[in-house]
Amino acid sequence: MNENLFASFAAPSMMGLPIVVLIVMFPSILFPTPNRLINNRLISIQQWLIQLTSKQMLAIHNQKGRTWALMLMSLILFIGSTNLLGLLPHSFTPTTQLSMNLGMAIPLWAGTVITGFRYKTKASLAHFLPQGTPLPLIPMLVVIETISLFIQPMALAVRLTANITAGHLLIHLIGGATLALINISATTAFITFIILILLTILEFAVALIQAYVFTLLVSLYLHDNT
Amino acid sequence: MAGPETDAQFHFTGIRKYFNSYTLTGRMNCVLATRGGIALLLYFKLGSKKTPAVKAT
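Respectively, the protein sequence lines represent chains A and B. The numbering of the first sequence is UniProt numbering, which starts it at 1 and goes up by one. The numbering of the second sequence is UniProt numbering, which starts it at 1 and goes up by one.
A couple of the hints might just be wrong.
Unchecked claim - As a list, the in silico DSS-like pairs of lysine-lysine whose alpha-carbon atoms are at most 30 Å apart:
no.	chain 1	residue 1	chain 2	residue 2
1	A	64	A	120
2	A	120	B	17
3	A	122	B	17
4	A	120	A	55
5	A	122	A	64
Said to hold, decoys possible - Now the in silico label distances, taken between C-beta atoms and shown as ranges:
no.	chain 1	residue 1	chain 2	residue 2	range
6	B	37	A	11	43 to 49 Å
7	A	48	B	16	54 to 60 Å
8	B	15	A	146	22 to 28 Å
9	A	20	B	15	56 to 62 Å
10	A	56	B	45	47 to 53 Å
11	A	33	B	43	54 to 60 Å
12	A	16	B	45	46 to 52 Å
13	A	4	B	42	46 to 52 Å
14	A	223	B	12	28 to 34 Å
15	A	224	B	42	23 to 29 Å
Unchecked claim - From the derived model, a few chain B residues whose C-beta atoms are all more than 12 Å from chain A:
no.	residue
16	11
17	43
18	46
19	47
20	49
Note that these hints are calculated values from the structure, not bench results. Just so it is clear, CB atoms sit at the ideal spot from N, CA and C, and this is done for glycine as well.
Could you put together the complete structure from these sequences and hints?
Written out as structure tokens, the structure is:
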């Protein structure tokens with residue numbers, strides 16, 4: 001049971017070769033490229049969704065921030081589609097791997113910070129001290145703000161990893177409990193099955209919300225630095 | 001957020017002109033001074049740990 005619980009989080013391999021790269025690349029083929037002025041329904045819906053998301057997300061940004069539009073839209077589509085595909089039974093979810101999420105969070109966060117230091121050096125440095133801080137608290141607050149800056153990418157990665165992993169574990173456990181209870185008590189098994197259905201619906205929402213939160217936070221870090 | 005156009009409303013004199021928590025320049029200088037102080041502290045602390053043989057003589 002213990003070995004089976006975490007087996008779904010192990011990096012998959014086929015005949016000794018790692019196929020995690022193929023799994024990471026798979027969601028991209030689910031988004032067809034528009035190649036006509038007027039496209040079919042699927043591509044039109046895809047374009048409408050991307051336009052809706054990008055308009056809402058980029059409304060707060062200035063001209064420099066909007067150069068990140070492609071990056072942010074790719075990010076939310078990738079994380080959202082990867083999380084949703086991970087809800088299929090027996091599938092591997094790349095976003096349960098901390099290494100993968102750190103690989104996304106650290107470069108994006110570093111990009112925003114370096115952009116801020118490069119173009120608005122004074123404002124970026126002044127950002128470490130909130131306006132109106134009393135004199136005796138200044139050194140402590142500078143240290144606290146510096147630490148909170150370096151925690152940002154860690155929090156981004158761990159938030160996504162923990163949410164998706166916890167959801168998958170819960171589904172696995174409650175599904176196992178439902179199966180185990182069928183022979184013991186049909187009523188309890190039915191109640192557990194209802195809980196499993198509700199949890200699955202919640203996980204669908206969490207998959208999309210976590211993609212949105214990740215992208216929104218990167219967008220906010222960018223807004224602070226542009 | 002404070003910007004160059006709002007810094008003009010503050011009129012500090014002396015050292016407060018360069019080190020305060022209201023203007024952009026003041027905040028930047030406070031941050032740099034704090035980090036510089038910590039860097040100096042670490043430099044002298046680590047420097048004194050590296051030369052125990054010299055201290056013994």
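Verification of the hints:
A distance of roughly 12 Å separates the Cα atoms of residue 64 of chain A and residue 120 of chain A; the hinted pair therefore holds under the 30 Å criterion. Restraint check for residue 120 of chain A and residue 17 of chain B: satisfied, since their Cα atoms lie roughly 21 Å apart, inside the 30 Å limit. With a C-alpha separation of about 16 Å, the suggested pair residue 122 of chain A and residue 17 of chain B falls inside the 30 Å cut-off, and the hint holds. With a C-alpha separation of about 25 Å, the suggested pairing of residue 120 of chain A with residue 55 of chain A holds against the 30 Å cut-off.
In summary, the hint linking residue 122 of chain A to residue 64 of chain A is supported, as the alpha carbons are separated by about 17 Å, within the 30 Å threshold. Taken as a hint, the range 43 to 49 Å holds for the pair residue 37 of chain B and residue 11 of chain A, whose Cβ atoms sit roughly 46 Å apart. Range check, residue 48 of chain A to residue 16 of chain B: about 55 Å between beta-carbon atoms, so the 54 to 60 Å window is met. Against the hinted window of 22 to 28 Å, the Cβ-Cβ separation of residue 15 of chain B and residue 146 of chain A comes to about 23 Å, which satisfies the hint.
Checked against the hint of 56 to 62 Å, the C-beta distance between residue 20 of chain A and residue 15 of chain B comes to roughly 57 Å, which is consistent with it. For residue 56 of chain A and residue 45 of chain B, the hinted distance range of 47 to 53 Å is satisfied, since their beta carbons lie about 50 Å from each other. Remark: the range hint 54 to 60 Å for residue 33 of chain A to residue 43 of chain B is upheld by a beta-carbon distance near 55 Å. Against the hinted window of 46 to 52 Å, the Cβ-Cβ separation of residue 16 of chain A and residue 45 of chain B comes to about 51 Å, which satisfies the hint.
Against the hinted window of 46 to 52 Å, the Cβ-Cβ separation of residue 4 of chain A and residue 42 of chain B comes to about 49 Å, which satisfies the hint. Taking 28 to 34 Å as the suggested C-beta distance range, the pair residue 223 of chain A and residue 12 of chain B conforms, at roughly 29 Å. One distance hint, 23 to 29 Å for the beta-carbon pair residue 224 of chain A and residue 42 of chain B, holds here, with the actual separation near 28 Å. Non-interface call for residue 11 of chain B relative to chain A: holds, since the shortest CB-CB distance, roughly 16 Å, exceeds 12 Å.
Interface exclusion of residue 43 of chain B from chain A stands, the closest Cβ pair being 17 Å apart, more than 12 Å. Under the 12 Å C-beta cut-off, the non-interface status given to residue 46 of chain B relative to chain A holds; the minimum distance is some 18 Å. A cut-off of 12 Å between C-beta atoms confirms that residue 47 of chain B is not in contact with chain A; the least separation is 21 Å. In this structure residue 49 of chain B is separated from chain A by more than 12 Å, as the shortest Cβ-Cβ distance comes to about 22 Å.
Comparing the model with each numbered hint stated earlier shows that all of them hold.
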